[in-house]
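Asker: Take a look at the letters that make up each chain.
There are 2 protein chains.
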Amino acid sequence: MTLQIAALASGVGSNVAAVIKSINEGMLDARMRIVISNRPGAPVLEKAAQAGIPVYVKDSADCENREDYDRALLAAICDAGADTVVLAGYMRMLSPMFVAAHRGRILNIHPSLLPSFPGRMGTEDAIKYGVRLSGSTVHFVQETMDSGPVIIQVVVPVHAQDTGETLMPRIQALEHRIYPQALQWLAEDRLRVEGHRVNLLPARKPNGSMASFGQSPLGPWMVSPPLEGF
Amino acid sequence: MTLQIAALASGVGSNVAAVIKSINEGMLDARMRIVISNRPGAPVLEKAAQAGIPVYVKDSADCENREDYDRALLAAICDAGADTVVLAGYMRMLSPMFVAAHRGRILNIHPSLLPSFPGRMGTEDAIKYGVRLSGSTVHFVQETMDSGPVIIQVVVPVHAQDTGETLMPRIQALEHRIYPQALQWLAEDRLRVEGHRVNLLPARKPNGSMASFGQSPLGPWMVSPPLEGF
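Heads up: the sequence lines are chains A and H, in that order.
Residues 1 to 230 in the working numbering are what the first sequence spells out, letter by letter.
Residues 1001 to 1230 in the working numbering are what the second sequence spells out, letter by letter.
Keep in mind the hints are simulated off the structure, nothing from the lab.
Hints are not guaranteed to be accurate.
Capping the alpha-carbon separation at 20 Å, the derived lysine to aspartate or glutamate pairs in EDC-like fashion look like this [to be verified]:
1) A:K128 with H:E1067
2) A:K128 with H:D1029
3) A:K47 with A:E25
4) A:K58 with A:E25
5) H:K1128 with A:D146
6) H:K1128 with A:D79
7) H:K1128 with A:E143
Have a look at the derived ranges for each label pair, beta carbon to beta carbon [as the list claims (entries may be wrong)]:
8) A:A203 with H:G1119: 32 to 38 Å
9) H:V1012 with A:A75: 58 to 64 Å
10) A:K21 with H:E1188: 42 to 48 Å
11) A:G26 with H:D1189: 35 to 41 Å
12) A:E64 with H:P1202: 50 to 56 Å
13) H:A1160 with A:P43: 33 to 39 Å
14) H:A1160 with A:E67: 32 to 38 Å
15) A:G214 with H:R1031: 37 to 43 Å
16) A:R31 with H:E1188: 55 to 61 Å
17) A:R103 with H:D1189: 52 to 58 Å
18) H:A1203 with A:E67: 55 to 61 Å
19) H:K1058 with A:E67: 57 to 63 Å
Selected chain H positions facing chain A (Cβ under 8 Å, derived; list incomplete) [stated by the list, open to error]:
20) M1145
21) P1149
22) V1155
23) P1157
24) H1196
25) R1197
26) V1198
27) N1199
28) P1220
Beta carbons are placed, not taken as given, at the ideal position from N, Cα and C, and that holds for glycine.
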């Protein structure tokens, strides 16, 4: 069923742009109903406006009570006719009330192989730790940060000379594929949460592979479950 | 410089066997001087004996004081002429005294993408969490468990239907390549610990790749840094 998406973002919103692109290309069965930001002037707002998508801005600096703030967001989401919440660099914890209101319909993307390196500085923390493989995770959102059931993960190599600035583009290039893919699986109603694990129901035309992997100009990568055309 | 290895293992010792095989094939510049176990009857002991390698067994159940126990191990390692300690499923914490005695010369392999899922049940914990990518990590040993600087990591996909029993063989097949590779880099004196990161000095014939990846009968995998012939 066509997803009616509300995207929440605090910054550049490259993942929001990737989702919009996938919708426009007919890959993702969804409509972007509204883009919401807690930061006035966030670049994602201009991207949304250029794409003709309504925006809603409410400065989180002005609002001391998280539940009051989130209630305003829920009203904006409801007014926009959205049924699915897509977090894309939304740098603010959601209240349990917000999570309960859209349980099972809130997705987040986090630039690490969760549960390693949750929190605001996932990429930088991975660099500091010295892991040789990192990546990104799309997951269902629960009350605690960066901890919900995992839908899809991508891995890329980390080099000894990497900084956050050199690693991030390699991760983001793949985020722009795995996030639309995860949303399309949600649109196809193929995701089943069983305990803390996510079971992906088979496609009508299963391709039989165990993972997607390849080599881009930015380097090698591997995705599990395998991508289906993204 | 040829490594003089003491291997510590509590169980089957498939990684010990893989190291011995790499030595015998002339891939790994090392000698296996002694195999040590804290469990009488551990299968690794028979493997070692068949390969003509001296063994030392001291039942950890008989010994209440960890430092006393580790002192006996240090003496056995010294007597055997070993200078490098290889942990391979050694299910016992080392005392800080032991770690200090061989600092920078103790390696461990752990069946997860550290820092995710440290501890005894790495593979099972990854399954329970529902990650879609897991693997194994070779790292230098520090006082705290499964936390030292990372030398090499391998990743494999995890499937929704996986159990520990089905995931483990896919991880182990790659462990048998990355552990000898990490040891060969140590033998070539190419590993430099800088803070918590490990810098791998270039090979004399650098191959220029960012990672090794491939597809085996067990499925796809990716290793970083890239393997050099292993």
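Asker: Mind checking the alpha carbons of K128 (chain A) and D1029 (chain H) for me, to see if they're no more than 20 Å apart?
Answerer: violated (31 Å)
Asker: At the C-beta level, are A203 (chain A) and G1119 (chain H) separated by a distance inside 32 to 38 Å?
Answerer: holds (36 Å)
Asker: If I claimed the Cβ atoms of E64 (chain A) and P1202 (chain H) lie 50 to 56 Å apart, would that claim hold in this structure?
Answerer: With Cβ atoms ~54 Å apart, the hint holds.
Asker: Could one say that the CB atoms of G26 (chain A) and D1189 (chain H) fall in the range 35 to 41 Å?
Answerer: Given about 55 Å between the Cβ atoms, the range is violated.
Asker: Does the CB of H1196 (chain H) sit less than 8 Å away from some CB of chain A?
Answerer: holds (5 Å)
Asker: Please verify whether K1128 (chain H) and D79 (chain A) have alpha carbons no more than 20 Å apart.
Answerer: violated (38 Å)
Asker: Does K1128 (chain H) pair with E143 (chain A) here, judged by a C-alpha cut-off of 20 Å?
Answerer: holds (19 Å)
Asker: May I ask you to test the hint 57 to 63 Å on the CB atoms belonging to K1058 (chain H) and E67 (chain A)?
Answerer: The hinted range 57 to 63 Å holds for K1058 (chain H) and E67 (chain A), with Cβ atoms some 60 Å apart.
Asker: Closer than 8 Å between Cβ atoms is the bar; does N1199 (chain H) clear it against chain A? Give me holds or violated.
Answerer: Result: holds, 4 Å to nearest chain A Cβ.
Asker: Against the 20 Å threshold, does the CA-CA distance of K58 (chain A) and E25 (chain A) hold or violate the hint?
Answerer: violated (30 Å)
Asker: Between the beta carbons of A1203 (chain H) and E67 (chain A), is the distance compatible with 55 to 61 Å?
Answerer: 58 Å Cβ-Cβ, so the 55 to 61 Å window holds.
Asker: Just to be careful: measuring from the Cβ of P1149 (chain H) to every Cβ in chain A, is the smallest value less than 8 Å?
Answerer: holds (6 Å)
Checked against the numbered hints given earlier, the structure breaks hints 1, 2, 4, 6, 11 and 20 and satisfies all the rest.
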